[in-house]
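For the sequence shown, our numbering gives the first residue as 81, with consecutive numbering after it.
The set of hints was computed from the structure by calculation and includes no laboratory data. Any given hint might turn out to be false.
[As the list claims (entries may be wrong)] FRET-style restraints, in silico, Cβ to Cβ:
| id | residue 1 | residue 2 | range |
| --- | --- | --- | --- |
| 1 | A514 | L151 | 33 to 39 Å |
| 2 | S677 | S410 | 28 to 34 Å |
| 3 | C204 | Y559 | 50 to 56 Å |
| 4 | A612 | S677 | 17 to 23 Å |
| 5 | F362 | P635 | 51 to 57 Å |
| 6 | R110 | P502 | 43 to 49 Å |
| 7 | L539 | L351 | 43 to 49 Å |
| 8 | L539 | C204 | 50 to 56 Å |
| 9 | A368 | G272 | 27 to 33 Å |
| 10 | I347 | I669 | 48 to 54 Å |
[As the list claims (entries may be wrong)] Straight line, CA to CA, 25 Å or less: simulated SDA-like cross-link-like pairs of lysine to any residue:
| id | residue 1 | residue 2 |
| --- | --- | --- |
| 11 | K95 | G224 |
| 12 | K512 | I432 |
| 13 | K95 | L182 |
Glycine included, each C-beta is placed from N, C-alpha and C at the ideal position.
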Amino acid sequence: MFASRYHWSLPLLTKELLEQASRGRTYVIRIVYVFALCSIAFWILENQFRRLSPMAILGQGRAILRTLVMLQFFGIYLFLPAIAGGVFTVEKERNTLGLLLLTRLGPWTIVLEKLSSRLLPMLCLLLCSLPVFAFANSLGGISGYDLYCAVWFQLLAAIQVACVAVMCSAYAHSTTAAFVQTYLVLLSLCFGPLVVDAAGHSRSLFSFVTTVLPLLSNSISRPGDSIDSNTNYFLFSPVHEYILFENAEPLTRLSGATITSATATGIASLLPALVCLAIARFCLFRRATATWWNPLLALFRGADSMFFWLNRRINRNAKSIPQTASIPGSDPVAWRELTRGVLGQFRYLIWILILLELPVLGTFYCLMTAYANNLLVQNLRLPTYPVLFLWLASALFILASTAGIFARERNKQTLDILLTVPLRGSDLILQKLAGVRRVQMICAIPLLTASLVNAWWRLKLYDMPNLNMPGLTSIDGYYWWEYLFGAVTSVIISFELVKWFAVWCGLICRSSIGALTLTLCILTAYCAIPVAIVIQIDAAFHSRIWKDSDPIKWPHLICTDCSPPLFVMANEGILRMRFLTDIPLLLAIFNILIQGSVLLALRRHILTHADWYLGRGVWK
81 MFASRYHWSL
91 PLLTKELLEQ
101 ASRGRTYVIR
111 IVYVFALCSI
121 AFWILENQFR
131 RLSPMAILGQ
141 GRAILRTLVM
151 LQFFGIYLFL
161 PAIAGGVFTV
171 EKERNTLGLL
181 LLTRLGPWTI
191 VLEKLSSRLL
201 PMLCLLLCSL
211 PVFAFANSLG
221 GISGYDLYCA
231 VWFQLLAAIQ
241 VACVAVMCSA
251 YAHSTTAAFV
261 QTYLVLLSLC
271 FGPLVVDAAG
281 HSRSLFSFVT
291 TVLPLLSNSI
301 SRPGDSIDSN
311 TNYFLFSPVH
321 EYILFENAEP
331 LTRLSGATIT
341 SATATGIASL
351 LPALVCLAIA
361 RFCLFRRATA
371 TWWNPLLALF
381 RGADSMFFWL
391 NRRINRNAKS
401 IPQTASIPGS
411 DPVAWRELTR
421 GVLGQFRYLI
431 WILILLELPV
441 LGTFYCLMTA
451 YANNLLVQNL
461 RLPTYPVLFL
471 WLASALFILA
481 STAGIFARER
491 NKQTLDILLT
501 VPLRGSDLIL
511 QKLAGVRRVQ
521 MICAIPLLTA
531 SLVNAWWRLK
541 LYDMPNLNMP
551 GLTSIDGYYW
561 WEYLFGAVTS
571 VIISFELVKW
581 FAVWCGLICR
591 SSIGALTLTL
601 CILTAYCAIP
611 VAIVIQIDAA
621 FHSRIWKDSD
631 PIKWPHLICT
641 DCSPPLFVMA
651 NEGILRMRFL
661 TDIPLLLAIF
671 NILIQGSVLL
681 ALRRHILTHA
691 DWYLGRGVWK
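When you get a sec, could you build the whole thing from the sequences and use the hints?
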């Protein structure tokens with residue numbers, strides 16, 4: 081016998097998969113995922129049985145397939161960055177990446193095996209959906225082309241997201257930074273070509289905003305319509321590509337050329353993935369021992385040196401904000417959190433707020449000018465989309481900033497030292513959150529500014545005689561102060577809920593990846609279950625427990641208040657407020673009562689059992 085010349089061994093991938101197989105949560109996640117997928121499929125089928133006769137249900141499998149595929153796309157883009165974002169940052173936090181680089185494994189081998197170790201679990205979850213796809217296929221209405229597009233573009237989305245996360249993990253110094261950078265890169269890939277093309281054809285900020293925002297809003301609310309006319313803008317987005325090819329005409333779906341074009345178009349999304357892998361290979365050695373460095377902080381310090389020089393030459397060293405002594409005082413842990421990074425200086429906070437406020441105010445100024453000139457009258461709810469984007473981005477940033485505050489202490493082996501401080505567990509947690517509270521303030525002020533401008537817009541919109549819409553005072557028929565009250569309460573309560581859910585998961589989990597993933601799972605279930613209840617109530621009991629003329633639809637009202645995204649969408653006018661209640665202020669009041677009760681119960685539970693969660697006390 082001749083020995084093989086090449087020995088294919090994957091020691092790093094084998095190690096990662098064995099570690100994942102030894103964890104019980106791996107199998108729990110798969111069971112929960114399959115159960116949720118099957119429940120959604122049978123739930124859609126049940127709703128169709130209520131609307132259609134048993135014979136008419138044949139041929140309706142495409143609706144089930146499309147809903148399941150879009151939900152899986154949502155799961156890929158939401159959870160895979162948290163799973164793969166710490167593939168190298170965890171090694172850096174544990175100081176074990178240097179040991180890995182001392183082995184005989186080459187850099188490309190390390191990158192590819194680490195990528196495979198995060199990609200294979202997601203592919204296993206996607207494979208679990210194939211029996212459900214077969215069930216949908218048995219109902220009819222699905223061709224082989226539909227199944228091919230579903231599987232092909234989901235595979236591309238998983239590969240693209242995993243490659244971007246590995247690149248950010250190789251570059252970043254912490255899991256939180258890699259998580260945030262992954263989402264920024266994915267947004268650039270999805271909407272970057274559109275923004276670059278609009279910037280190249282726009283001669284002013286006004287024309288840029290009035291060109292980009294309508295296309296972005298159409299791609300979110302009606303993705304099929306926007307893609308048909310702007311295919312090249314979303315060339316690197318597998319989600320948009322799937323919608324484009326899935327909406328093709330039935331006659332063209334029967335030809336092999338369509339499958340060939342879908343394959344060729346999908347390969348374009350692999351080009352950014354290959355570039356990301358090359359960057360990860362380049363950064364693996366160069367960023368292996370990279371210390372914490374904040375480019376924003378470096379920029380601010382450079383601006384400080386210039387302003388201090390100008391102050392000495394022109395203003396004779398006068399100070400409008402005197403610099404206080406940096407001493408711990410009575411809150412040593414809070415002082416430690418606040419004196420590090422950009423959050424440690426008051427003037428840096430002002431600079432950050434200015435950098436965030438200017439784009440928000442500029443965008444809304446361009447929108448208001450366009451509406452006044454009758455350029456965007458066909459889409460009156462366009463100003464709500466910046467508010468929704470800011471709300472979602474702020475919630476994700478607060479989650480990423482909070483989930484790993486205790487996991488980082490464990491990885492750096494400083495939590496035991498921190499527990500020697502003569503403070504109760506509840507006081508220790510509250511002081512550790514001092515930096516997060518400043519992050520909340522920085523995220524809330526631009527969002528509240530956008531809501532304030534939107535409230536002013538609701539006040540002035542129907543006073544414009546050229547719109548020819550008299551008799552109303554806002555987009556949805558309720559007053560601007562009711563909208564503003566709901567916006568302010570939603571910002572305060574939803575940000576606090578995200579923060580305390582992230583704290584709870586960070587105390588339970590021992591790693592930043594686990595804390596991020598668990599927080600995302602809990603928040604997704606917390607927001608999605610009320611949506612499912614609303615749809616089920618509407619399908620099962622409509623016109624039997626209430627009438628369309630009723631002033632308050634109590635089931636819909638309570639379920640909407642139980643889900644923060646639903647409440648924000650209702651308050652912004654994307655959901656019909658008048659369908660829920662004729663008293664819009666009642667929606668905000670119930671939101672305060674329901675979400676506030678959950679927030680107070682969760683906060684009290686964490687602070688009461690803080691010593692037990694930190695490992696230095698007993699369960700009370």
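Hint-by-hint comparison with the structure:
1. A514 with L151: 33 to 39 Å: holds (38 Å)
2. S677 with S410: 28 to 34 Å: holds (32 Å)
3. C204 with Y559: 50 to 56 Å: holds (52 Å)
4. A612 with S677: 17 to 23 Å: holds (21 Å)
5. F362 with P635: 51 to 57 Å: The hinted range 51 to 57 Å holds for F362 and P635, with Cβ atoms some 55 Å apart.
6. R110 with P502: 43 to 49 Å: holds (45 Å)
7. L539 with L351: 43 to 49 Å: Holds: the Cβ-Cβ distance is about 48 Å, inside 43 to 49 Å.
8. L539 with C204: 50 to 56 Å: This hint holds: roughly 53 Å between Cβ atoms.
9. A368 with G272: 27 to 33 Å: holds (29 Å)
10. I347 with I669: 48 to 54 Å: holds (53 Å)
11. K95 with G224: violated (38 Å)
12. K512 with I432: holds (22 Å)
13. K95 with L182: holds (16 Å)
Violated hint: 11 only; the structure is consistent with all others.
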